[in-house]
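Undergrad: Spelled out, the chains give:
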Amino acid sequence: MSKAVKVKKGLDIKLVGQAEQKVSPAGNSEIYALQPDDFFGVVPKLTVKEGAEVEAGSPLFFDKQREDVLFVSPVSGEVVEIMRGAKRKILAVKVLADKEIKYKSFPTWSKSSQDRDGLVKLLQESGLWPFVKQRPYGVIANPEDTPRDIYVSTYDSSPLAPDTAFSVGEEKAHFQTGMDALNLLSGGEVHMGVKKGETFFDDIEGVVKHTVSGPHPAGNVGVLIHHTNPINKGEIVWTVNPLDVVMIGRCLTSGKFDAKRTIALTGSETKAPQYYTTRIGALTKSVTDGKLKEGNVRIISGNVLTGAKTEPEGFLGFYSTQMTVIPEGDQKKFMITEGWLSPGLDKFSLSKAYPSWLFPKKRYKLDTNLNGEQRAFVVTGELEQVFPFDIYPMQLIKAIMINDIDSMEKLGIYEVDAEDFALCEFVCTSKINIQDVVRQGLADMKKEFAA
Amino acid sequence: MKAVDNLLGKVRPAFEKGGKLEKYWPMYDALETFAFVPDHTTKTGAHVRDAIDMKRTMFLVILAMVPALLFGVYNLGYQHFAAMGVDATFLEMALFGFGKLIPLIIVSYGVGLGIEFIFCIKKGHAIYEGFLVSGMLIPLIMPVDVPLWMVGVATAFSVIFVKEVFGGTGMNILNVALTARAFIFFAYPTEMSGNKVWISTTGDRTPVDGYTGETLLGQAVEKGAAFTDVTGQAYASAADSFMASFIGLIPGSIGETSALAILIGAAMLIFTGVASWRIILWGILGGAVMGFIFNLIGPAYFPENLYLQVPWWQQLVMGGFLFGVVFMATDPVSAAQTTRGKVIYGFLIGLLGILIRVVNPAYPEGIMMAILFMNVMAPTVDHYVVQGNINKRLKRFKTVKAA
Numbered sequence: 062m063s064k065a066v067k068v069k070k071g072l073d074i075k076l077v078g079q080a081e082q083k084v085s086p087a088g089n090s091e092i093y094a095l096q097p098d099d100f101f102g103v104v105p106k107l108t109v110k111e112g113a114e115v116e117a118g119s120p121l122f123f124d125k126q127r128e129d130v131l132f133v134s135p136v137s138g139e140v141v142e143i144m145r146g147a148k149r150k151i152l153a154v155k156v157l158a159d160k161e162i163k164y165k166s167f168p169t170w171s172k173s174s175q176d177r178d179g180l181v182k183l184l185q186e187s188g189l190w191p192f193v194k195q196r197p198y199g200v201i202a203n204p205e206d207t208p209r210d211i212y213v214s215t216y217d218s219s220p221l222a223p224d225t226a227f228s229v230g231e232e233k234a235h236f237q238t239g240m241d242a243l244n245l246l247s248g249g250e251v252h253m254g255v256k257k258g259e260t261f262f263d264d265i266e267g268v269v270k271h272t273v274s275g276p277h278p279a280g281n282v283g284v285l286i287h288h289t290n291p292i293n294k295g296e297i298v299w300t301v302n303p304l305d306v307v308m309i310g311r312c313l314t315s316g317k318f319d320a321k322r323t324i325a326l327t328g329s330e331t332k333a334p335q336y337y338t339t340r341i342g343a344l345t346k347s348v349t350d351g352k353l354k355e356g357n358v359r360i361i362s363g364n365v366l367t368g369a370k371t372e373p374e375g376f377l378g379f380y381s382t383q384m385t386v387i388p389e390g391d392q393k394k395f396m397i398t399e400g401w402l403s404p405g406l407d408k409f410s411l412s413k414a415y416p417s418w419l420f421p422k423k424r425y426k427l428d429t430n431l432n433g434e435q436r437a438f439v440v441t442g443e444l445e446q447v448f449p450f451d452i453y454p455m456q457l458i459k460a461i462m463i464n465d466i467d468s469m470e471k472l473g474i475y476e477v478d479a480e481d482f483a484l485c486e487f488v489c490t491s492k493i494n495i496q497d498v499v500r501q502g503l504a505d506m507k508k509e510f511a512a
Numbered sequence: 073m074k075a076v077d078n079l080l081g082k083v084r085p086a087f088e089k090g091g092k093l094e095k096y097w098p099m100y101d102a103l104e105t106f107a108f109v110p111d112h113t114t115k116t117g118a119h120v121r122d123a124i125d126m127k128r129t130m131f132l133v134i135l136a137m138v139p140a141l142l143f144g145v146y147n148l149g150y151q152h153f154a155a156m157g158v159d160a161t162f163l164e165m166a167l168f169g170f171g172k173l174i175p176l177i178i179v180s181y182g183v184g185l186g187i188e189f190i191f192c193i194k195k196g197h198a199i200y201e202g203f204l205v206s207g208m209l210i211p212l213i214m215p216v217d218v219p220l221w222m223v224g225v226a227t228a229f230s231v232i233f234v235k236e237v238f239g240g241t242g243m244n245i246l247n248v249a250l251t252a253r254a255f256i257f258f259a260y261p262t263e264m265s266g267n268k269v270w271i272s273t274t275g276d277r278t279p280v281d282g283y284t285g286e287t288l289l290g291q292a293v294e295k296g297a298a299f300t301d302v303t304g305q306a307y308a309s310a311a312d313s314f315m316a317s318f319i320g321l322i323p324g325s326i327g328e329t330s331a332l333a334i335l336i337g338a339a340m341l342i343f344t345g346v347a348s349w350r351i352i353l354w355g356i357l358g359g360a361v362m363g364f365i366f367n368l369i370g371p372a373y374f375p376e377n378l379y380l381q382v383p384w385w386q387q388l389v390m391g392g393f394l395f396g397v398v399f400m401a402t403d404p405v406s407a408a409q410t411t412r413g414k415v416i417y418g419f420l421i422g423l424l425g426i427l428i429r430v431v432n433p434a435y436p437e438g439i440m441m442a443i444l445f446m447n448v449m450a451p452t453v454d455h456y457v458v459q460g461n462i463n464k465r466l467k468r469f470k471t472v473k474a475a
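Respectively, the protein sequence lines represent chains A and B.
For the first sequence, our numbering begins at 62 and goes up steadily by one.
For the second sequence, our numbering begins at 73 and goes up steadily by one.
Calculated from the structure, these hints are not laboratory results.
Backbone N, C-alpha and C fix where the C-beta goes; we use that ideal spot for every residue, glycine too.
Watch out, some of these pointers could steer you wrong.
Claimed, not checked - Result set (BS3-like, lysine-lysine): computed pairs, CA atoms no more than 25 Å apart in a straight line:
no.: 1; chain 1: B; residue 1: Lys82; chain 2: A; residue 2: Lys394
no.: 2; chain 1: A; residue 1: Lys321; chain 2: A; residue 2: Lys182
no.: 3; chain 1: B; residue 1: Lys115; chain 2: A; residue 2: Lys150
no.: 4; chain 1: A; residue 1: Lys346; chain 2: A; residue 2: Lys370
no.: 5; chain 1: B; residue 1: Lys473; chain 2: A; residue 2: Lys294
no.: 6; chain 1: A; residue 1: Lys69; chain 2: B; residue 2: Lys464
no.: 7; chain 1: B; residue 1: Lys464; chain 2: A; residue 2: Lys393
no.: 8; chain 1: A; residue 1: Lys165; chain 2: A; residue 2: Lys317
no.: 9; chain 1: B; residue 1: Lys89; chain 2: A; residue 2: Lys393
no.: 10; chain 1: A; residue 1: Lys70; chain 2: A; residue 2: Lys426
no.: 11; chain 1: A; residue 1: Lys64; chain 2: B; residue 2: Lys473
no.: 12; chain 1: A; residue 1: Lys394; chain 2: B; residue 2: Lys89
no.: 13; chain 1: B; residue 1: Lys268; chain 2: B; residue 2: Lys295
no.: 14; chain 1: B; residue 1: Lys467; chain 2: A; residue 2: Lys471
To be verified - Which stretches of chain A does chain B cover? Using the computed rule of at least three CB atoms under 8 Å from a CB of chain B, they are:
no.: 15; region: 429 to 435
no.: 16; region: 441 to 455
As the list claims (entries may be wrong) - Far from chain B by the CB rule (all over 12 Å, computed), these chain A residues:
no.: 17; residue: Leu76
no.: 18; residue: Val104
no.: 19; residue: Pro168
no.: 20; residue: Glu250
no.: 21; residue: Asp264
no.: 22; residue: Ile265
no.: 23; residue: Glu399
no.: 24; residue: Glu476
Isolated chain B, as found in the complex:
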């Protein structure tokens, strides 16, 4: 640590005012404050401060993503070798997964942080930590074989147009990672939807007979809850298919498949107080309620749409629903900010997520649209919550005046 300190001390003068690289001070600052909590002391106000800072907060979010990430890595390999009908060892599966995921992470961080650095150097302010989380989320919500240049373009679009133009971290109007996904979804739909993209089938092997590559969401559109696994074998029971999606051995975006891993992350986020338990809990409730309503009215009124008949508890563990509710909806900047607002916001995300998924065949995954829509609506939700507080105060004022 002394060595790091000395090294930083040596190059510091070049970045300081009057130095050759003065313009690049934010880069130096980012590095130094990454390695060392700076010696800043309190100047005004409270003399002692809480130990938490933005770096710890963001680090905890990344830590919470690790179970989903690791499972995603394993599942990439598992799905691939299962589709090819090849027996592979755990190590082979994991290596295959890492080989797919690491380039995505590099591109996402490289492009995102690069843009962030450029903007901060231009504006001359410190580099904020926000993208550390976004940059890890982006790879986890991508299909496995999405072209890297698309990830780069989508990341650039998202960072520039929903974050930097509004003032950087803390000012973004939408969730940055989700916008990157939405960008690819609309700009290059063939890479983000359909049956061909969720399992890596590249290489010289060919898939087994019966392989379709469909996600459970895709299957549900045509066949309702009669799910099959990756080789086309039907699951023995609803409990079996539920367990497969709960554990996560199903095709899907890299990090979204395992409900178990995501719930472990959710527990960490809630326990440490980093994410709002209200948004997560009410999001899941909202999804359950919508799924339950569909279960009730489906057979009677819309017998031709089998999707309605997928049991509500199955809906919750399919697709990106949980991943979205836990890691995307809880982004504090784009979410509702008031306590009551968070309840409404979370509930509507769950509700709309399942609604869009089931009713609109064009969007087999509804949670992305639901979160982005509620990101836009969050300030309105907050406005009415705060207005309630204001009205209460006004009413009190009027009663006093009248008395």
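Chain A extracted, bound-state conformation:
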């Protein structure tokens, strides 16, 4: 039952720095790293010590609560540093890469094998399992579950998002293999969201295709689920990012953990935004060196709404498919010339509070300034304009703030992930960090039902 999902509510933040459709190899990265913070809800337990030699595909750590879920090294080499933060929290496990990557070999898998348990085990051992996420809670899936359905959204509608079809490129066969594997895992269907008008995925078989149109967050997988078959209490749905499907397909075909990925370098502070091939966990500077404009910039692994702040010495995130570089906004703005009393033709807003609505086509160079101070909720009705769910966002957020588990459940927290609230956070007049709140709520819910 394929469906046409038409989203009306939402907002496209038009930024400067869309990537040109051109791929080049990224610079050489000496060090690669896995960062446990990429994995929401995971408590890492190391399996290696500093100085250990690993192959690409050897585990670096596992999840303390679920010991079968392994997180493996993207390259072979020596574990040079285990970076820790406050309370000895593990921030990154760094591997000094060999010149020639040695791969740990795993059994291969093809569509002809219908052994579901075997596939689950193989995905866990070969480090591919963390690519499979679940709702509710937005965490890595539990290998013991059988999901109602699996959802893949190939439409990334976020600001400056890479074109998935272009990133997949010549690896469509791997994408198909990945989808075949998901088909075996799913208790129901594999649903695939495709941007309306996109024909690249037309020949993908064995999936239920839905066309999606509308402003961001139309491409979010949560929106796709909500508009096709919303999650009820007790149901579990798995989600996988399209480039991770490619990764799964590639690794199952070759029998090795090959962490290659095409990412887009975007944003107003890049000289020539375009696509690069690199690997998961590569040094940020291997992608950005020599490609950024002068000045104080913020490098984001991911998009401007949900990505993680990183440094030139930081690393590409596990799930990231783009890097965005925008100016830092750490300067005061005088009220009359640049602040709240200014004409503000260059200020982007959902509301028409600044006259920039005169230029609907204009692309903006936004910086990281908060554009105000945090306040209690005052304005109502703005979150609803960018939240295409049949859920009351403000009421849900307030329920989370007071840790009212019962209300959170009733108001639909099972259907959402923090990323679905990213635009709410963007438009919030009171500058409340809504994604943090939602993440807290998901963690609270998970804890409540952990037993």
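Model the placement of chain B on the given structure of chain A, informed by the hints.
TA: Then chain B, alone, in the frame of chain A:
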């Protein structure tokens, strides 16, 4: 701007932790953030944020009030000199009006912001912008010659008991400005109702013959739609009296008389997205419906109450109805917060506003009571709207379980 920055930088250390005036940090913070959007950057979550903030929002509301305010100033002078039978120039009228309004604004802001500052210093949190709007609304809904000390007391009562005790801006259960008016209305009724308070007749001149000082609302109680102007002259036609109240050359609270000026403000609020168009539109509809019902049943069933026969379109431009619906009912904190809730909330405010005005002779202006009542009811309205959403989800859950 550099000079302002330098000056702020110079006094800043005294207010910082360990400084002499550490306790007064919120005051410094308020000043600094007023002059400069601070250099705060996003730490977690979305890296870019919408350009709108609370200051811009509140500034736009104040901007939207300016037409009503300016017209109010002019009308104060116009009414005064008309009542005295004196020919005055535009400048004289405007100067007279400003002379009356500015002390009210000073008292309202002085008392309100003073209390706000004290509470924020006590609680050690930043000063929010909410009172900037309330402080401007209060003078606009006062009769011209209300004693300043009463405005001060009413403002203090309102800020403390409906806002600060509940946690400050964003937490108030009622509209702050309207509560200040209600306070005077009940505590000092002679200053807030009757025929003597709406036009300034102080000074050594005496009013012309035929002057009563009645507002249209007062007249409607006794004479229905047969309105007279300030000198006691009957309007030539219903269209004339409608135009007088639409333009606003009638007695009333300072900012409420001109429907035209208020509608200009409403257009600004709706267009910029600051106020809910649903509340405004449905509020006006609610008033129209109630007025229309009265027009239908009035002559047949209640011939002795002439108020019922005031045409519904006339009801909408009389008194504080529009001002209340546009500037008071739309206060997002005390209004309903859900989309559907706003429709119900707005409609009932309009409906009840006209109902109270017409049926209860003790309250010639009903919109104040209607809004305060619906402020109290708003959470209940929202509760049922949200409950509908919850029930839908539960039903879906049950269907899935049964299948």
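Undergrad: Work down the list of hints and note, for each, if the structure agrees.
TA: Comparing the hints with the structure gives:
no.	hint	result
1	Lys82(B) to Lys394(A)	holds, 18 Å
2	Lys321(A) to Lys182(A)	holds, 22 Å
3	Lys115(B) to Lys150(A)	holds, 19 Å
4	Lys346(A) to Lys370(A)	holds, 14 Å
5	Lys473(B) to Lys294(A)	holds, 10 Å
6	Lys69(A) to Lys464(B)	holds, 21 Å
7	Lys464(B) to Lys393(A)	violated, 47 Å
8	Lys165(A) to Lys317(A)	holds, 6 Å
9	Lys89(B) to Lys393(A)	holds, 21 Å
10	Lys70(A) to Lys426(A)	holds, 23 Å
11	Lys64(A) to Lys473(B)	holds, 23 Å
12	Lys394(A) to Lys89(B)	holds, 24 Å
13	Lys268(B) to Lys295(B)	holds, 18 Å
14	Lys467(B) to Lys471(A)	holds, 11 Å
15	429 to 435	holds (count 6)
16	441 to 455	holds (count 8)
17	Leu76	violated, 8 Å
18	Val104	holds, 20 Å
19	Pro168	holds, 37 Å
20	Glu250	holds, 15 Å
21	Asp264	holds, 33 Å
22	Ile265	holds, 28 Å
23	Glu399	violated, 7 Å
24	Glu476	violated, 9 Å
Comparing the model with each numbered hint stated earlier shows that hints 7, 17, 23, 24 do not hold.
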